[in-house]
Amino acid sequence: MAATLILLSIGLPWLGALVVWMVGDRHEKIQHALAVAFSLAAGVAAVILLGSAGKETALTIPVGGVFGDFTFVADGLGVFLAVIATVIGSLAVIFSVDYMHGEHQLGRYYAFVLFFIGAMVGLVLTSNLLLMFVFWEITALCSYALIAFHNDDPKAVAGGVKALIITQFGGVGLLLGAVLLVSTTGSYDINALLASPSSIPAGTLAVLAYGFLVAAAAKSAQFPFQTWLPDAMEAPTPISALIHAATMVNAGVYLLARFFPAFKDVPGWTEAVMLVGLVTALMAAIMAVVSNDLKRVLAYSTVSQLGYMVYAVGTGVVFASQFHLLSHSVFKALLFLGAGAVIHSVGTRDMREMGGLGKKMPFTRVVFIIGALALAGLPILNGFWSKELILEAGLKHSPIWMYILMLVGAGITAFYTFRMVWMVFYGKPKAEGHIHDAGKAMKVALAPLALGALTTWLLAGPFSKILGTETLPYHNIHAESTWEILGEVISLPTLVALGVVALGLLAWWQRDKLGGLGKALGWLGKAAAASFGFEAINRGVVKGTQGASNGLSVTQTGLLNWNVLGIVVALVILFAVLALGA
Amino acid sequence: MSMNVPSVFLIVVIGLLGVGLYALLTVRNLIKVVVALQILVKGAMLAFVLVGRLTGQVNLGQSLALTVIVADTIVAVVGLTLAVQVRRKFGSLDIKDLTTLKR
Amino acid sequence: MDPMNAVIWLIATPLLSVPVVYLAGRLVARKAGDSSTINPARWVALAAMLVTGVFLFVAGQSVATTSNPIGMTVETITLRFDGISLVLAFSVWLLGTLVILFSGPYMKAEVGEEKFYSLLMAMIGTMIGLGTAVDLFNLWVWFEAMAISSYMLVAFYREEPASLEAGVKYLVQSAVGSVLILMGIVVVFMYTGTLNPDVFRMYLMPWPGLIGAGALFIIGFGVKTALVPLHTWLPDAHSQAPSGISAMLSGVVIETGLIAMLRSLGALSEVYNWGIILVIFAAVNMLVGNLMALRQKQVKRLLAYSSVAHMGYMLFGLGVALSFGQSNGAAGGFFHLFNHAMMKGLAFLGVGALLYALHLARGDHSPLMVEDLNGAARKYPWVVLTLSIGLLALGGLPPLAGFMSKWQILVAGAQTQNVWMIVLVVFMGLNSVLSLGYYAPLVNRMYRTQPSDIVMEGKPVSWLMTLPLILLAFGTVVLGFYPALLNWLTKPAALALFQTFGR
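Chains as they are written, first to last, in the working numbering: chain A, -15 to 566; chain B, 0 to 102; chain C, 588 to 1090.
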């Protein structure tokens, strides 16, 4: 049963990708319908799979030899993320029906979206590290293809290639870990590693741990690899929702959460994870404050919220990190799709050219504000509960200065969220032309997400059960009831946190009176607008590589004498090396 | 002091190889390049005859050398055909003109 | 059929077909006197390849099932068909057949079609023959015969200056390499008095002269194998040859050089740890090939440089196999060799199809630039789809074949438990990422919505050209999903490598 469902939830989107591609771009309506059907079917399969979650290997495809057996386990962590990928993914597909209406090359668009969703499901359900790497790379390929979907726009292409190169660069860390694991234990079995991490030498385990951290940071756009995610905003907006909420960036957090039991005793690893999360959360939040591009603000907020999740893994409370991942997926998909409706209508992403849209887009305003409040962490929305869980984990398991800085981050989050809502929906109307509210398919996608942002926190109990020891034997997550978990949240530190959030809100309210403070922090804004120099580093690396390439190409003179000289010199050098070596 | 036959041969072999390689590094005329290749191969050929004699397998050495001559002649023919065609198309045999393909 | 006879006919059929192909084409061309009739040379060549395929099947089945080489002596020459010969013969046969199919429409307008096919058959036959050579001198003879047929194919467009230039450089550099090989053989002959490695391999000691002979072999065969810095002929030859020949050169000819090098070093296996030298060249090849390709504007030159990099990946696997005894390295190296034949064959044929449609069909011999590809997908969906699969496979993206073979090589590198090799594993991974820096934008270009002017005016691509592309792309995807399908090929090859080195 579980095996069939696993095959279905990976295979259906992939089959759909093939079918939509084959249908051809002349039959636009059929393509839309097929894409929706296949993604929904995968979503249904994944939801049913929730019922048969277990820790046993559910499906084995014998390949053997150096590739190991391709195995799948439908454990709690995997199934949960598979549901996120397929359900949020299918909502993004439904949204696309309106958003991508009349676009060229829909076949390519939907094929990659479905391929992406299937790969993400595979990534979280497999227990073979090679296969995990395969799916990992496929998600990178799909994200690149979709970010660069508008191929005629050089910015989109550059953004896509940047995403591909940076995530692949990080992927080398995962690759190294995987080949080291198989070369020391002869097996790719992830659960075997989680069961007895001491079975491999401590040094190798440390390489694995830090290699995976690099891979996860690159994938989840964490410090110092965060630069690709804002540039990925060139993608069509449903793709941004897909990447930010359903698939891509979750993979990094998933990787850390999955391997936490194996790496937690590696010296310095948990501290490093916390630090990466902390730096990212703060830095991205500040960058979100100074950005005027609606999608970029959301992108930075994703980076920042992912920082919270990574930090939570570092504190050892995997449950809090995954619970926030759930909340974040829902409200971020909502925010992105809402932003998509706005952008689709206004035709720009610059918030300075928006303003006063609330009256013309009432539905969008309501759902967007629900998402924004969840992001800011106001009760009783889902973001509030999960963020508080993370902060409490931080208070208990991390140095107090880290906790305080994370609190500050929560305040900044509230600040930029209110700024964004204000600039888009309130104030003086600036956009001209025909402004229309979200289309029908867009509403179909937005409504359940808004409902989700209001209610998913009620699932805390069942969520802790599915991540419990019955399906995840090595993670030590205890099943509790919803009320127990919520009861833990309601405490004094939460009031402090709420106070900080309120401060952020107040700061935006009284922004005129805080002019002096704003000026004093001007240097910070400038640094943030320049992405704290990380873009410059990126550019430097690209320039250096291209310079090396140009420099090297001088050696190809085309002159025959020179070419023969190459042979003679190589021979002489080889003689010399052998004479010294022997 | 008189030199024995093998060492004379050896000096000739090394000389041919050296002259051939040096020529390949310096000459600019395509015909001369083909000639330089010929000199190189003649060195190798002679070496086969020499070693056949040294190891007491004169026949084997010579038959190998013969095979080398055959293969080498074909290469020379192809090379010269190309040279003729180059002269027609480029109007020159200078290999400095044969540098349109680079980078 | 007796496997021994099958091996003999496997080599003989393509070689015997050479005059037949030539005469068939020549007679018809003379009789018709105009270019409207279809030259039968290609069909004769194709038939010969199909017959060869039957013999290959028989010989291959024997080797794959028993893992024992098929050995025989014809007159005074010893031939041995083992796992390495099988990988080579299978790659050559597969790619050769598809190239003949592809070249039908591609070469239709050219003068001397019959010459093209007969030379191609000669090249195919000599490559298969080279795989079976045991004796060092015999190895050289096959090698030289293959080289001569490839010189003429590279300079096939005799009216094109650039093609002549490439031919000249290729010929001269290869000929220098060939002399170095001969000198290496002379040295071995001097020390041992024989040329059959089976006789002398185990008695050799690390004498300096023999180490020098090994160096001569590495550099000599290395010219054909495109070791950096001996690779300078390669971008010229690969970009100027007719695209079918570019596919053969890049897909199998340089690999044949590699196999010849392995065989010759195998004879000297007791003299030195040659694997380390291969690994050093591997690192240099990867980096230089990828960097040179990164800023390249001519598509075929770009692919040519990527071959230099891919040769590096193969060398890494084989070098690790030889110096650390990792059978995964050998199997991975040969797996990558085969995959590279498919992927690079696919890439060159796909680019060739576009080159033909956009330039050649209009009598224009200028090179295909990357800008020319803009928006090609609108007009040539199948060619562009398959070409994209080929390019992404070359870049090592799963689930495509190139990823799996690279993976096997990387695992072998890690299995050595040697810090330097693990550093090289990371280096190879980073190189793969670097290579995406030029493959990915190329794919992007082809899927632009605004086609370039040159694409708008492009001529149609015949289905005979598209069919090989689809078959190769299919193979690339299937092997990516289920790499174990090729175990029958790579395992005997790995075994044969160790046997060649007397282990």
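If you are wondering where the hints come from, they were derived from the structure by calculation, not from laboratory data.
Don't take each hint at face value.
As the list claims (entries may be wrong) - Just so you have them, the derived chain C footprint on chain B, three or more residues with Cβ under 8 Å:
no. : stretch
1   : 22 to 32
2   : 52 to 66
3   : 73 to 87
The C-beta atom is built at its ideal place from N, Cα and C for all residues, glycine as well.
With a C-beta cutoff of 8 Å, work out whether three or more residues of the stretch 73 to 87 of chain B approach chain C closely enough for the coverage to hold.
-> holds (count 8)
Counting residues of the stretch 52 to 66 of chain B whose CB is closer than 8 Å to a CB in chain C, do you get three or more?
-> holds (count 7)
Counting residues of the stretch 22 to 32 of chain B with a beta carbon closer than 8 Å to any beta carbon of chain C, are there 3 or more?
-> Our answer is that it holds, as 3 residues pass the Cβ test (under 8 Å) against chain C, meeting three.
Violated hints for the displayed structure: none, as all numbered hints are satisfied.
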